[in-house]
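Respectively, the protein sequence lines represent chains E and A. Here the numbering used here is used: the first residue of the first sequence is 980, the next is one more, and so on. Here the numbering used here is used: the first residue of the second sequence is 5, the next is one more, and so on.
Everything labelled a hint here was simulated from the structure, so no lab data went into it. For glycine and all other residues, C-beta sits at the position ideal for the given N, C-alpha and C. Check each hint, because a few of them may be wrong.
As the list claims (entries may be wrong) - One-sided and incomplete, this derived list gives chain E residues near chain A with beta-carbon spacing under 7 Å: (1) V1022; (2) Y1041; (3) A1058; (4) H1084; (5) A1127; (6) E1235; (7) Q1236; (8) L1237.
The lines below spell out each chain.
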Amino acid sequence: MDKSDYEIPGVELAWCPGCGNFGLHNCVRNAFAALGLDRQDLVMVSGIGQAAKAPQYLDVSYFNGLHGRALAHATGIKAANPRLTVVVESGDGDLYGEGGNHFLHAIRRNPDLTVIAHDNMVYGLTKGQAAPTSQRGMVTPVQVFGVASEPLNPVSLAVALGATFVAQGAAGEPALTQDLIQQAIRHKGFALVNVFQACPSFNKLNTHAWFKENTRKLDDAYDPTDQGAAFLRASETHPWPLGVLYRQEGKPVFEEQLAPYRSDSAPLFWRPRSPGLVRPLLQARK
Amino acid sequence: MARKTEFSICLAGEAGQGLHSIETLLVQLLKNGGYHVFSAKEFMSRVRGGCNSTTLRISSQRVEALSGVVDLFVPLAAEAVRRYAHLLTPATLVVGEEAIVKRAGMLDAPFSAIAAELGDKRSASMVATGGVAGLLGLDAEPLLGLIRARFAAQAAALLDVNLRAAERGLALGKALAAKSGLSFDLPADPALAGEMVLDGSAAIALGAVAGGCDAIFAYPMSPGTGVLAEMAGLSKEVGIVVEQAEDEIAAINMALGANYAGARAMVTTSGGGFALMTEGVSLAGITETPVVIHLAQRPGPGTGLPTRTEQGDLNLALHAGHGVFPRAIFAPGTLAQAFHLARRAFDLADEFQIPVFLLTDQYLVDSSGNVPEFPLDGPDLRRHIVAADASYRRYRLTDSGLSPRGVPSFGPGRVCVDSDEHDESGRITEDLDGISLQMKEKRFRKFEPVRHAVLPPDRFGPAEAELLFIAWGSTGPAAREALGRLADPRAALLHFTQVWPLPRDAAARLGQAKKIVAIENSQTATFADWLRLETGASFAPPILKYNGLPFSVAELEARMKEAR
């Protein structure tokens, strides 16, 4: 499959010039093409934000829902049809701020889906306020004394919660990031790829050059299967590590434990349902 | 003296004393014995202690409400006598344990002393169950049979102690009946043994399954939790996705994701939880994703009275969600209506791609009784789903406003939905005077067929009535029975089981009534307000009750008389 298979001819990408979203958009398309994903069984899910527009620009089925709720929508989609390949693509504010509670519990559930998080450490769509991942001290039109809260570290949080695949990429490292996305989609279980990217319009601190200087690829000797060690690596900053931080195979996935799928993975809408199904249930109440 | 045709028993005690077990066994026993029975409970928001009550109304006629009269009162705790003194009349027989409860004229029934003798204090509730059965003169074997079935999976010793407790209770009850002169001799109808016993939560859950519901997402909240638990109980046998979400926001958004992918998913909650779901209602509106919302009402604002009843959330259900889009709201009054409307809700939601509400309340979901097996006629379920071909557009503009609904993976086409205003293919648009406006108008066109499908209210009493009572949802059965007792040829009752949209002929249905009186189990007559707005009719002061308890028949009869 070619990446052009996912293209919509003539589509206008409504991002600012120089936005890291362009590079990441390419990584996603290339990863889909390299994996040869069957578009009929592929669904992208996003919330609200500049990153959340990404599925609009691909020729795929998508559910572009509400701010913060992408993981809830995606969990429901997997619950209705476990055979779908579900890829969530949204921003740091959407996934870690408004959707923070869903992030925690989606990891606990371990549905077989991939989350690509655009982490530019700022809010773009709403014009420059702090994101949960903004660094302390960053002055914004709202955080006029600088951001007072500790930044959320999504990858160390995910490792701590036992997410079964946790990786960190950067828009400035397209080959690595594409590979991480491919690994994440191939992984069975909840897979997070947190991707650093610049926001040239609203984040003057964490620029392309800054990310280049402040990230470092994990070396080949790194063993991502030890959760304790992974937590320590994932917690590192200045520089932030890039690569697969943690992976655990074989953990039961959410949808396979649901009553309808214990012996059959057919989607719910395929299953015959007649009112007569309920007759024995009524008779049992006599 | 005319033979009594009904008999009501009020059992009261602390949470943890086994009231629910006593109720469950007695309702089943009485139904199997050929009696109609209706049982409702009121309880405090605590797991142990406090003071709760369950009232069983036994009748030779079908009963779907509490009478308001207590013939036999069984206090299991001292506080019960004080808390429920207002229910007692000189004719009420009080049976309780003198060691615990003080009440002049009470017959001593040492339930816990007998349990202690049997070596298991926990069996006191079974002694009481047997005691009530004995007072009613019921035979031992049917009760012992039910106990054997109930404890079949338990240790033999536990079954044994419960059987002995019931037997001791039966003997005690029979002796007390002889002493008090109580003679329970309602005509029995053996055919009732073939009927079901359900509570409101089970009726909703079974109706949902009959309507093709295959997924439920919920966060526990009284009194909506019962439906979640019922669906979980059915999930293995039927194959239902049951997921306890991290919050109500997740619950409704999961349900919408599931329905997008072709499920028939529902949520269940109460007012406070539903408040969190409102963004999802609006999302269902713009994405035209069907969803069924069971909202079991309890008194607010805020946490309010968590375990009590009220019909206070009609406006919440009606207005939840920003923007303009159609919805339907059903409000069942009886257990049978709970089943049939739950079933209908799923069809309606799928057919029109809208949110559909089941608006119940604590009183209805926690009430139980005998009901004939529901007919399951009608066609097999239609899923209202099409295969998406290569040129598929999810929001194709049509005259009816309904776009054929595809689901991902069914057909080669892409199924794109968006909470932003979108074009026919589901992509964001800001073409304000073009496709954006057309989408708003397309969704607006769906109001018409949704209104066309409205269920008319049930009418009781003459068409030319001068005095018209209006009830909706759970107040219907008590109002209907009270109307019968009024025996006023000038009076009639309209009972609405669909409260939104209102029927187009609502004004005609009010007929020639000179006086219209709304009956609502809430602090304001919300439904009457809508009916007045729709019809222009003027309403007399309403009959309202908002102390967290439902109307009884006797209470409504008195207030309907006053209102004449």
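ask   = What are the numbers of the hints the structure violates, in ascending order?
value = 5, 6 and 7
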